[in-house]
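With the sequences and hints as input, model every part of the structure.
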Amino acid sequence: MMRFTLPRDIYYGKGSMEQLKNLKGHKAMLVLGGGSMRKFGFVDKALGYLGEAGIEVKIIEGIEPDPSVETVLKGAEQMVEFNPDWIIAMGGGSPIDAAKAMWVFYEHPELTFDDIKNPFTIPELRSKAKFLAIPSTSGTAIEVTAFSVITDYKTEIKYPLADFNITPDIAIVDPELAETMPQKLTAHTGVDALTHAIEAYVSTMHSPFTDPSALKAIQMVKEYLIKSYNGDVEAREQMHYGQCLAGMAFSNALLGICHSMAHKTGAVFHIPHGCANAIYLPHVIRFNMKISLDRYAQISKQLGLSGNNDEELVESLISMIKDLNKEMGIAASLKEYGIDENEFNSKLDLISERTILDACTGCNPREVNKDQMKKIFQCVYYGNKIDF
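If you're matching positions, the sequence shown starts at 1 in the numbering used here and goes up one per residue.
No wet-lab data here; the hints were simulated from the structure.
From the three backbone atoms N, C-alpha and C, an ideal C-beta is built for every residue, glycine too.
A hint or two may mislead.
Simulated pairs of lysine-lysine, BS3-like, Cα-Cα distance not exceeding 25 Å [stated by the list, open to error]:
{"#": "1", "residue 1": "Lys-216", "residue 2": "Lys-301"}
{"#": "2", "residue 1": "Lys-227", "residue 2": "Lys-216"}
{"#": "3", "residue 1": "Lys-374", "residue 2": "Lys-322"}
Across the chosen pairs, the derived CB separations fall in these ranges [to be verified]:
{"#": "4", "residue 1": "Asp-349", "residue 2": "Asp-294", "range": "26 to 36 Å"}
{"#": "5", "residue 1": "Glu-110", "residue 2": "Asp-349", "range": "16 to 26 Å"}
{"#": "6", "residue 1": "Met-205", "residue 2": "Thr-155", "range": "25 to 35 Å"}
{"#": "7", "residue 1": "Asp-169", "residue 2": "Gly-383", "range": "37 to 47 Å"}
{"#": "8", "residue 1": "Gly-15", "residue 2": "Glu-70", "range": "33 to 43 Å"}
Now the structure itself:
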């Protein structure tokens, strides 16, 4: 038996944040990131709407990029003290990631991080609070997924927490928030969305329920990402919806080794998550095409790319992704990105072993062992073509 889970309600369109004034409840914990939501007036807007709803609000802010276990536990303590019946997370992926994990420890303060770091080990939630997410970036789709990525900086490991219990109850996908994204963030989050959709489409868990969302998201990224990167407001709106569709797909089909690699190298080399996915994706497709040639070729056909056979179609897909990256100034290799060669080689065994153990690796279409993973990383570092 398989499962398909999404938020109960998704509100979308410009101004959809106004839905906050219709919430039923008494107390809300509002979780924020670094300050852009305050700067652009969205925090005041949210507080105004929640005031209309008669809801008392307490704020946790300053969530760092790649939120830590410590940040999560401190936030959960504040929630236990305040006792909210709504947890509302607004901003990029990091505050929403953190808020999801805080929610778990708020409802179950007896747990430790080790109790929940493995997939599908989170107990039932919602005895104390429901969860509402408002994304400001167009890539993570954390507002509709069963995932939360938390970093243990002591061990330099990113853990993708995965459990349908942490799927938000409500998502508000208001494109006005995404209009504030800087250009580099638009690039990184956009390719992250593309990676979500492509990995979901070829995942061993893909289904008739996830395929349509994945393909539509891929088409939307191809059509709108560069325009969005160049500041087109209408394209920004469409990218905000496209990344959400990608999230619906991968939350239920799961992902693959591109994300596993990004998780484990992001924590060690501090590469922004979307940027890492952009660098790895062409290489991962080439590695996986021996098993999933037909699936990748179908993506290429849907995009109207050229090719007289499946191999040529997949090569066109790889070229398209490389061209997207190049046009947005994303490095083609880890060496070009600036990772020191000696540091890379000294940590190659570590990142390869951790990638194999990452929660996303299990649904990759082609099985991979540590030696193969090392070779993939070496090809990615130097920009060499995978031929095994």
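- Item | Unmet hints by their number, sorted upward, for this structure | Of the numbered hints, just 5 does not hold.
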